[in-house]
Every structure is written in structure tokens, then in C-alpha cells.
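Whole structure, please, built from the sequences with the hints as guidance.
With this note's numbering applied, the sequence shown covers 98 to 281.
Treat the hints loosely; a few may be bogus.
[To be verified] Here are the in silico distance ranges between beta carbons for each label pair:
{"hint": "1", "residue 1": "242", "residue 2": "219", "range": "31 to 41 Å"}
{"hint": "2", "residue 1": "273", "residue 2": "192", "range": "19 to 29 Å"}
{"hint": "3", "residue 1": "241", "residue 2": "142", "range": "43 to 53 Å"}
{"hint": "4", "residue 1": "269", "residue 2": "192", "range": "32 to 42 Å"}
Derived from the structure by calculation, the hints contain no laboratory data.
Note that the structure is a prediction, hence the values are computed from the model and not measured.
Quick reminder that beta carbons are idealized off the backbone N, C-alpha and C, glycines included.
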Amino acid sequence: MKPSHVSLTHRRLRIGRQRGVALVVALILLVLMTLVGLAAMRGVALEERMSANTYDRGLSFQAAEAALKEAESIVETARPTPAALAACVNGICGAPNPANTERWLDPLLAVPPNPGGWHSATVVVNGGISITPQYIVEYLGDTFPCQPGNPASTNDCKRYRITARSAPGADRAVVMLQSIYATD
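Right, dumping it as C-alpha cells:
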């Protein structure tokens with residue numbers, strides 16, 4: 098059976114009208130897919146930066162914690178009793194003066210090399226990254242009760258405020274930890 102002349106002409110007209118519309122629709126879909134792809138790439142880049150920042154912060158926290166433990170170990174074994182010093186010696190400082198800037202905020206102690214201020218702890222190595230955390234031990238005195246819950250106790254303890262800090266690679270993730278340590 099041969100198709101009629103009218104149906105062939107009708108098909109040709111319909112195909113001719115659709116050529117321009119198909120091109121426009123294809124271009125619009127291409128632009129939309131490009132925008133979705135760019136948004137996805139931007140999201141991936143942001144997530145990568147966030148995970149790198151979290152990694153740096155974790156390394157810095159571990160290093161500061163190691164410095165804090167090292168300083169606590171030194172206090173436990175040596176139990177230093179520094180004189181009322183205006184300066185610090187090898188990271189061991191006298192009682193802080195409430196009228197002065199806190200030592201961990203003092204910009205003069207932060208300038209390396211400072212022989213009396215921040216003391217460098219053992220280098221922490223994690224993979225290919227090595228971090229040298231620092232600490233300051235401040236002697237708070239020896240008039241604190243060892244057992245605060247027992248007022249009849251006459252045994253007094255020495256108290257120290259230990260501040261440790263760590264900043265791996267260009268100060269990207271600075272962490273500062275502080276503890277109060279008591280020894281009898």
C-alpha cells in the first residue's frame with residue numbers, strides 16, 4: 098500500500114516546524130546540566146576544605162594535649178616552686194599578677210625565641226607532619242586544701258595552671274588548652 102500524497106506532505110510540514118524548537122530545548126538542557134555540574138563541583142570543593150580544616154584542628158588538638166600531659170608530668174615529678182618571678186624560666190612561671198595581662202595572651206611571651214616564656218614540648222609527628230607544641234606552667238601557690246570536701250583536712254596542695262598551645266602550619270588551626278593541676 099502506498100501512502101497518500103496528503104499524509105506525506107503533512108509529515109514534512111510537522112518535521113520542518115520542530116527543528117528549531119528541538120535545538121532550543123537541547124541548548125536549555127545543556128545550560129541546566131552545566132549549572133548543576135558547577136554547583137556540584139563547588140559543593141565538593143567546600144567539603145574538601147572543611148575536611149582539611151577538621152584534620153588540621155584534630156592534629157593541633159592532639160599536639161596541644163600532648164604538651165599539656167608533658168607539662169603535667171614535669172609538675173608531678175619536679176613539683177617546682179618558683180619564686181615570685183616577673184618573668185618565666187623555661188616555661189615555669191611564678192604566681193600571675195591579676196593586674197597584668199594573662200601570660201598566654203601576652204604578645205611579648207609569644208615572640209620566639211623567648212627563653213623564659215613558652216617552652217617547646219616534644220615534637221609530635223603524625224604521618225608526614227611534625228608539630229612542636231608549647232606550654233607555660235604558672236605556680237598558683239600552696240594554700241589550697243587537698244581535699245576541698247573535707248574542711249578538717251590540714252594538708253595543703255600546690256596548684257599550677259598549665260596552658261598548652263599548638264599551631265600546625267602557618268597558624269591554620271590554633272588550639273589552646275588549659276588545666277589546673279594539684280600536687281600534695
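Quick rundown of the hints versus the structure:
Checked against the hint of 31 to 41 Å, the C-beta distance between residue 242 and residue 219 comes to roughly 33 Å, which is consistent with it. Against the hinted window of 19 to 29 Å, the Cβ-Cβ separation of residue 273 and residue 192 comes to about 20 Å, which satisfies the hint. The given range of 43 to 53 Å is respected by residue 241 and residue 142, whose C-beta atoms sit roughly 52 Å from each other. Against the hinted window of 32 to 42 Å, the Cβ-Cβ separation of residue 269 and residue 192 comes to about 34 Å, which satisfies the hint.
In terms of the numbered hints stated before, the structure departs from none.
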